Amino acid sequence: MPTRYVALALGIALIAGIVALGMNEPNTNLLATDSSLFGTIEIDGSSTVFPITQAVAEEFRKVHPNVQVPVGVSGTGGGFKRFVVGETHISNASRSIKPIEIAAAAENGVEFIEIAIGFDGLSIITNPVNDFLECLTTDELRAIWEPGSEVNRWSDVRDGLPDSEFRLYGPDTDSGTFDYFTESIIHLEDASRSDYSASADDNVLIRGVSGDKDALGYFGYAFYSSSPDKLKLIAIDSGSGCIYPSPKTINDGTYSPLSRPMFIYVNTAALEREEVVVFLNFYLDNATTLVEEVGYVSLPETMYDDGRVLVASSAGSSN
Amino acid sequence: MEREQPPLGSARVTSAIAASVTRPRFSASTLSTWRRWRDRFFFVLFFASVAIGILGLAALVIDVMTDGLGALDFSFLNSYPSRHAGESGIRAALFGTIWITVGTAAFAIPIGVGTAIFLEEFAPDHWAVRLVQLNISNLAGVPSIIYGILGLALFVQAFALDRSVLAGSLTMTLLVLPIVIIVSQEAIKAVPEEFRDAAFALGANRWQVVKTVVLPQAIPGIMSGIILALSRAVGEAAPMLMISSLVFLTFIPSSPNDRFTVLPVQIFNWVSLPQPGFQAVASAGIIILLAVLLSLNSIAIWIRNRYQTRY
Numbered sequence: 001m002p003t004r005y006v007a008l009a010l011g012i013a014l015i016a017g018i019v020a021l022g023m024n025e026p027n028t029n030l031l032a033t034d035s036s037l038f039g040t041i042e043i044d045g046s047s048t049v050f051p052i053t054q055a056v057a058e059e060f061r062k063v064h065p066n067v068q069v070p071v072g073v074s075g076t077g078g079g080f081k082r083f084v085v086g087e088t089h090i091s092n093a094s095r096s097i098k099p100i101e102i103a104a105a106a107e108n109g110v111e112f113i114e115i116a117i118g119f120d121g122l123s124i125i126t127n128p129v130n131d132f133l134e135c136l137t138t139d140e141l142r143a144i145w146e147p148g149s150e151v152n153r154w155s156d157v158r159d160g161l162p163d164s165e166f167r168l169y170g171p172d173t174d175s176g177t178f179d180y181f182t183e184s185i186i187h188l189e190d191a192s193r194s195d196y197s198a199s200a201d202d203n204v205l206i207r208g209v210s211g212d213k214d215a216l217g218y219f220g221y222a223f224y225s226s227s228p229d230k231l232k233l234i235a236i237d238s239g240s241g242c243i244y245p246s247p248k249t250i251n252d253g254t255y256s257p258l259s260r261p262m263f264i265y266v267n268t269a270a271l272e273r274e275e276v277v278v279f280l281n282f283y284l285d286n287a288t289t290l291v292e293e294v295g296y297v298s299l300p301e302t303m304y305d306d307g308r309v310l311v312a313s314s315a316g317s318s319n
Numbered sequence: 001m002e003r004e005q006p007p008l009g010s011a012r013v014t015s016a017i018a019a020s021v022t023r024p025r026f027s028a029s030t031l032s033t034w035r036r037w038r039d040r041f042f043f044v045l046f047f048a049s050v051a052i053g054i055l056g057l058a059a060l061v062i063d064v065m066t067d068g069l070g071a072l073d074f075s076f077l078n079s080y081p082s083r084h085a086g087e088s089g090i091r092a093a094l095f096g097t098i099w100i101t102v103g104t105a106a107f108a109i110p111i112g113v114g115t116a117i118f119l120e121e122f123a124p125d126h127w128a129v130r131l132v133q134l135n136i137s138n139l140a141g142v143p144s145i146i147y148g149i150l151g152l153a154l155f156v157q158a159f160a161l162d163r164s165v166l167a168g169s170l171t172m173t174l175l176v177l178p179i180v181i182i183v184s185q186e187a188i189k190a191v192p193e194e195f196r197d198a199a200f201a202l203g204a205n206r207w208q209v210v211k212t213v214v215l216p217q218a219i220p221g222i223m224s225g226i227i228l229a230l231s232r233a234v235g236e237a238a239p240m241l242m243i244s245s246l247v248f249l250t251f252i253p254s255s256p257n258d259r260f261t262v263l264p265v266q267i268f269n270w271v272s273l274p275q276p277g278f279q280a281v282a283s284a285g286i287i288i289l290l291a292v293l294l295s296l297n298s299i300a301i302w303i304r305n306r307y308q309t310r311y
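For the record, the sequence lines run as chains F and P. My numbering applies: residue 1 is where the first sequence begins, and numbers increase by one. My numbering applies: residue 1 is where the second sequence begins, and numbers increase by one.
No wet-lab data here; the hints were simulated from the structure. Please note that the accuracy of each hint is not assured.
[Said to hold, decoys possible] Stretch by stretch, here's where chain P covers chain F in the computed footprint (C-beta under 8 Å, at least three residues):
| id | segment |
| --- | --- |
| 1 | 54-63 |
| 2 | 67-78 |
| 3 | 225-236 |
| 4 | 269-280 |
No experiment lies behind these values; they were computed from the predicted model shown. Even for Gly, the Cβ is constructed at its ideal location relative to N, Cα and C.
Generate coordinates for the entire structure from the input sequences, incorporating the hints supplied.
Okay, structure coming up:
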């Protein structure tokens with residue numbers, strides 16, 4: 001039956017096409033690639049650090065196409081939950097690891113090293129149509145966000161602001177940004193009002209704030225700088241005048257208290273694998289460029305050197 | 001049929017018969033304006049229901065096409081996702097979807113068709129069998145996110161399969177199994193009882209009847225049902241979000257133990273990105289997903305029309 005043969009031929013051609021497409025690894029890099037490294041480096045954690053590690057993973061694939069580097073977004077806390085039981089090899093973090101997480105890692109026999117990779121200025125933002133709010137003091141921020149806060153209208157924040165209700169957007173409790181904010185502004189660990197729109201995904205928060213004219217939210221600086229036309233940055237006054245977060249104020253520490261370092265944590269056992277060591281050195285070699293490209297502030301080169309030394313010594317000691 | 005004119009009965013009977021005989025002949029002209037108006041009203045109502053569906057689909061397709069066609073080219077198909085919208089591609093998700101679909105088919109077809117054959121051909125009429133049947137029908141209506149949570153707890157964590165192609169395929173298998181079973185049962189039921197009786201009369205045992213008479217007749221129906229069930233699996237985002245989670249992948253799975261992502265999850269990810277370029281990329285992804293779904297559905301329709309037999 002001819003139609004049956006035609007259908008068969010089409011089917012075979014389709015499958016052959018898919019297989020051919022599958023074999024044909026796209027290679028956008030003209031530099032020499034190194035196909036000799038194999039393996040999987042499982043990464044999860046902070047959504048604040050994600051853009052940097054994503055960029056590193058994307059560039060790394062162009063050089064080492066056979067190393068699989070999946071990068072997840074579970075929040076700093078969610079990432080550590082997987083890291084301390086040995087499920088992931090590297091954890092992105094927008095705060096230091098907590099004692100309770102260190103204890104959990106020890107219990108599971110997970111040893112790790114901490115590598116600083118950049119600075120972030122945790123940014124307070126509103127919708128761009130907001131023309132009455134330019135600056136908030138840390139006390140005002142605390143009054144808005146502290147647990148049980150009754151501040152629900154702009155006029156409650158400060159006399160002279162419009163008498164209309166605002167809506168709050170912020171990271172969820174798994175997020176390192178949440179932990180850092182509550183600690184540095186409310187001065188209590190993980191204490192925040194809970195009646196706000198919470199998401200682990202900063203892009204969801206950006207969409208929320210950019211679509212709500214009475215919005216107030218906070219997240220990492222790179223998420224502001226990736227869509228500055230949809231958001232308005234609010235300056236922070238911690239006693240020495242209103243300061244906007246910018247690469248300069250984050251770097252010299254004047255954007256205080258919301259400037260913070262970002263880290264990656266590496267399972268020491270994974271450092272026995274060559275591809276992990278190569279990946280970390282690639283990370284540190286390209287950190288200055290990529291951290292700034294995605295909108296954060298890079299560290300002084302000496303701190304990346306410290307990271308390289310730490311990787312080398314930890315890899316050496318575990319061998 | 002010939003109706004005999006009664007000679008002369010009661011006037012009532014005669015007129016009733018006359019009415020029943022003559023009504024079709026000039027019914028149109030005797031329609032009251034009220035009834036005609038009502039006829040038109042329902043025509044417009046039902047036409048509008050059709051139009052809403054078609055217009056909705058057309059609006060979606062046009063909107064997606066205008067946004068996405070510009071981003072759609074071979075390098076889009078053949079590139080991995082990127083932090084730059086212009087370099088982003090759907091390769092990882094496309095191959096993830098192929099892996100998941102093939103994996104789901106490998107589990108769901110034998111288990112689903114086997115269950116259907118057992119329930120239709122072998123199972124006795126027993127309360128336990130009726131309970132199983134009732135449960136299968138109910139499972140078909142369970143929201144897909146529930147299967148995602150189940151798959152996460154069972155396959156990813158309890159069976160320690162991690163967030164692998166295998167865990168994803170098994171989860172999708174649970175999701176489509178009720179559909180595969182019910183569709184296969186319908187196809188098996190449609191095979192006339194006389195065929196079975198004839199085979200039994202020739203001395204065939206039950207398995208021989210199933211193998212040589214029932215299955216060959218039922219397979220086209222089963223096949224088109226399976227393809228429709230798989231196309232549901234291809235379009236599902238919720239359970240795959242639970243299993244694969246939002247993850248940035250720059251590789252395609254090379255074994256069932258590898259991490260994966262699928263088309264709907266990748267599209268969901270792109271749609272959530274606020275940078276403008278990604279909206280076009282997301283639309284291009286939707287075009288690919290629509291193309292995959294439409295071709296699967298056309299194959300199902302083709303099989304049904306090609307091999308359908310009427311008794």
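Results for each hint:
Taking a C-beta to C-beta cut-off of 8 Å, the segment 54-63 of chain F contributes 5 residues in contact with chain P, enough for the three needed, and the coverage statement holds. Only residues whose beta carbon comes within less than 8 Å of a beta carbon in chain P count, and the segment 67-78 of chain F has 7; three or more means the coverage holds. Taking a C-beta to C-beta cut-off of 8 Å, the segment 225-236 of chain F contributes 3 residues in contact with chain P, enough for the three needed, and the coverage statement holds. A count of 0 residues in the segment 269-280 of chain F with a Cβ less than 8 Å from any Cβ of chain P is obtained; the coverage claim is therefore unmet, three being the minimum.
Checked against the numbered hints above, the structure breaks only hint 4 and satisfies the rest.
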